[in-house]
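Protein chains: 2
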Amino acid sequence: MIEKEKAEQVIGILREKGMALWMIFTRETGVNPDPAMQYVLPFNLTWQSALMFFADGEKIAIIGELDRQEVEKVGIFSRIITYRGGIREELLKILEEKSPRSIGLNYSLDDPTSDGLTHGMYLLLQEHLEGTRFIHRLTSAQEIVQALRSRKTPSELERIKRAVEETEKMFDRLTKVLRQGLKEKEVAELFVGWMEELGAEPAWDPSSCPAVFAGPQEVGAHASPTEKAIKEGELLNIDFGIKLDGYCSDLQRMWYFLRKGETAPPPEVIKAFDTIKTAIQLSAEELKPGKKGWEIDKIARDYIVSQGYDEYPHALGHQVGRDAHDGAALLAPIWERYGSLPYIPVEEGMVFTLEPRVNLPNYGVMSLEEMVVIRKDGAEFLSHPQKQLWVIGG
Amino acid sequence: MIEKEKAEQVIGILREKGMALWMIFTRETGVNPDPAMQYVLPFNLTWQSALMFFADGEKIAIIGELDRQEVEKVGIFSRIITYRGGIREELLKILEEKSPRSIGLNYSLDDPTSDGLTHGMYLLLQEHLEGTRFIHRLTSAQEIVQALRSRKTPSELERIKRAVEETEKMFDRLTKVLRQGLKEKEVAELFVGWMEELGAEPAWDPSSCPAVFAGPQEVGAHASPTEKAIKEGELLNIDFGIKLDGYCSDLQRMWYFLRKGETAPPPEVIKAFDTIKTAIQLSAEELKPGKKGWEIDKIARDYIVSQGYDEYPHALGHQVGRDAHDGAALLAPIWERYGSLPYIPVEEGMVFTLEPRVNLPNYGVMSLEEMVVIRKDGAEFLSHPQKQLWVIGG
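First to last, the protein sequences are chains A and B. The C-terminal residue of the first sequence carries number 394 in our numbering, and the numbering is unbroken. The C-terminal residue of the second sequence carries number 394 in our numbering, and the numbering is unbroken.
Treat the hints with care, since some could be wrong.
No distinction is drawn between identical chains; accordingly, a pair holds when it is met within one copy or between any pair of copies.
[Stated by the list, open to error] DSS-like cross-link-like pairs, simulated, lysine-lysine; straight-line CA separation at most 25 Å:
1. Lys298 with Lys73
2. Lys98 with Lys228
3. Lys183 with Lys17
4. Lys260 with Lys161
5. Lys4 with Lys260
6. Lys183 with Lys73
7. Lys183 with Lys169
8. Lys73 with Lys185
9. Lys387 with Lys277
10. Lys93 with Lys277
11. Lys169 with Lys387
Everything labelled a hint here was simulated from the structure, so no lab data went into it.
The following block holds chain A by itself, in its conformation from the complex (with noise of 0.2 Å):
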């Protein structure tokens, strides 16, 4: 079971990284949920809870009564303590006894995915710790869960390789059936019918999973399939990933509708074509353990630019896992808004989308995701990159 692997998994890198204990503390996660809760139990709870992860490799979950039997079900923790009026007194007694010298909490600046803990949470537990020695040595988390989230365990690559496998099969799919005149809401209903064949839910929000450009785009990301139909002459790029037992893909693919006589598309649609297909090529090349997120995609940046293009407006790719956007390190250039995530060192077992972009005015967006999992040596492909246009029509 993948929450076995990784409860274990975080009791080394507790070790590793020097915390004494990890603790997710949270409430109500039906309601508001960590994002860390998903690694360690696969359902709600209600109450205060704190769920906790000793360096010593002791793993205590404090949890309201009525939440007991699911928790013990799932099997990892070695002690449940349960509570009925309020959590402080137990959640004092076990930090008295183990006495942790640091305990590593789920706040971070940059990333989402290590963010789960809410600041009223964070001020309640300051309350029940009030007075005592522990207060002041809470800390963050970050590296504890970003870790625990990017080294997939075999078993998870697995699932991700999957995703992956099913997502390119709806791509093929839909090359049989693609024709002038579909609308882009049509398009997008047909990978609907095709998770729900396969018991899969869309990897991202449902309103644009699978986001599908025709043609000339005003933005080009994050929006949502319209009444648009394709035309000849167009590009058509489809944004898609599913998740499927809990893992996620995430991917995009390029067609061209040729005009009326054409044989091919236009010269400068190839190149465009081209240049996004070396950008990856190049970025992945240079995607091994120790390299810096922002130098990774400054390789792609400094290539497309040097094409005669316009930069991209987003980052060259970000890992992928539980979800879509899995958080921390990011191949993402140094903007204000990316924070420290395009400094964090990639490390083997990262799994990485790569997706530039151009737009091409005439024809619409231009753009490829691929997904890589770095090994010792290198990146690898988890998709097949796609190795040129697919032409429909003509």
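Dock chain B against the given chain A, drawing on the hints supplied.
Quick look at chain B alone, frame taken from chain A:
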């Protein structure tokens, strides 16, 4: 559209409570959602975003440029400002221009539903505002969010009513097919099928929605259905709710399985049922604007104890709306873990559950859950209260 209705409502609430600005400060809401987001935008945002509602009526969104198109479509913001590099500059510009005396943020010690701001985002905001006068104007928007969630508009009430109605239909459907030997899991699967038919989702964690309790139980809440088969002489309790069009129901119903030769449930079972029914009735009669939650809980709790039972280990009732546990005012005893929630006055437009419980060691859990809306003069039932124990077999 409900988002527009709620966005207007919040302006009135800001004036009433003397708050100059309510600001949802969020990012990557697909990974780390603020529960208040669903009231203003029916989809996810990616980059740091400030959704600002001013008491003067102006509504301003500062968002990443890739999110513009979707936010425009919703049409509730009078100004949409986008950025590429970082939010700080635009945020300070707006604060300088409007100079709000108070800036309400979504954090709360007691109420999960108004505690959507993460601790990392709070620290980040402090960084953005460093050296400005605005850093001293940050405060909790708990009262704003609670009023916004609690005061159901007519169209919100319509949706809740429909969810209740459809849930009651499913209970009736179940009664027709119930028989001894059915397993808890099999009963649960029936509800899953009926939800699919209707296009509804479970109102809470699918692993315990429905929760199905056949016969004597060790715990009796938040637990998943098991392989246990229903036997004669046992009680069946089902706790179930659906989410339909974004709004929830949450109800419990009771069945008794006659032993061979029995023509009615044993007197002690009937007494327990009547105790629960009466506790609901007595507390509903006193449930009106201005009352405190703990006063209402006490009526049911005292009555149950007066009949010779243990008090139930939870609150009498919670609000229902977008979420099954809709936060804020709570019909709960004054226990540490409920913080200030039992002291919040009941208001017109709130929707509550009433769900006292007693445990009958030889028969099972006896618990009903009804739903009421608070009108000017008192509580009006949204559900059709169960009047007698439904009897199967014999």
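Hint check:
1. Lys298 with Lys73: neither (47 Å within a copy, 34 Å between copies)
2. Lys98 with Lys228: Neither. Shortest intra-copy (62 Å) and inter-copy (39 Å) distances fail the 25 Å Cα cut-off.
3. Lys183 with Lys17: This pair counts as neither: shortest intra-copy Cα distance 51 Å, inter-copy 48 Å.
4. Lys260 with Lys161: neither (39 Å within a copy, 56 Å between copies)
5. Lys4 with Lys260: Classified as neither: same-chain Cα gap 58 Å, cross-chain 46 Å, threshold 25 Å.
6. Lys183 with Lys73: between (48 Å within a copy, 19 Å between copies)
7. Lys183 with Lys169: within (21 Å within a copy, 39 Å between copies)
8. Lys73 with Lys185: between (43 Å within a copy, 16 Å between copies)
9. Lys387 with Lys277: within (7 Å within a copy, 69 Å between copies)
10. Lys93 with Lys277: neither (58 Å within a copy, 40 Å between copies)
11. Lys169 with Lys387: within (16 Å within a copy, 55 Å between copies)
Violated hints, listed in ascending order, are 1, 2, 3, 4, 5 and 10; each of the other numbered hints is respected by the structure.
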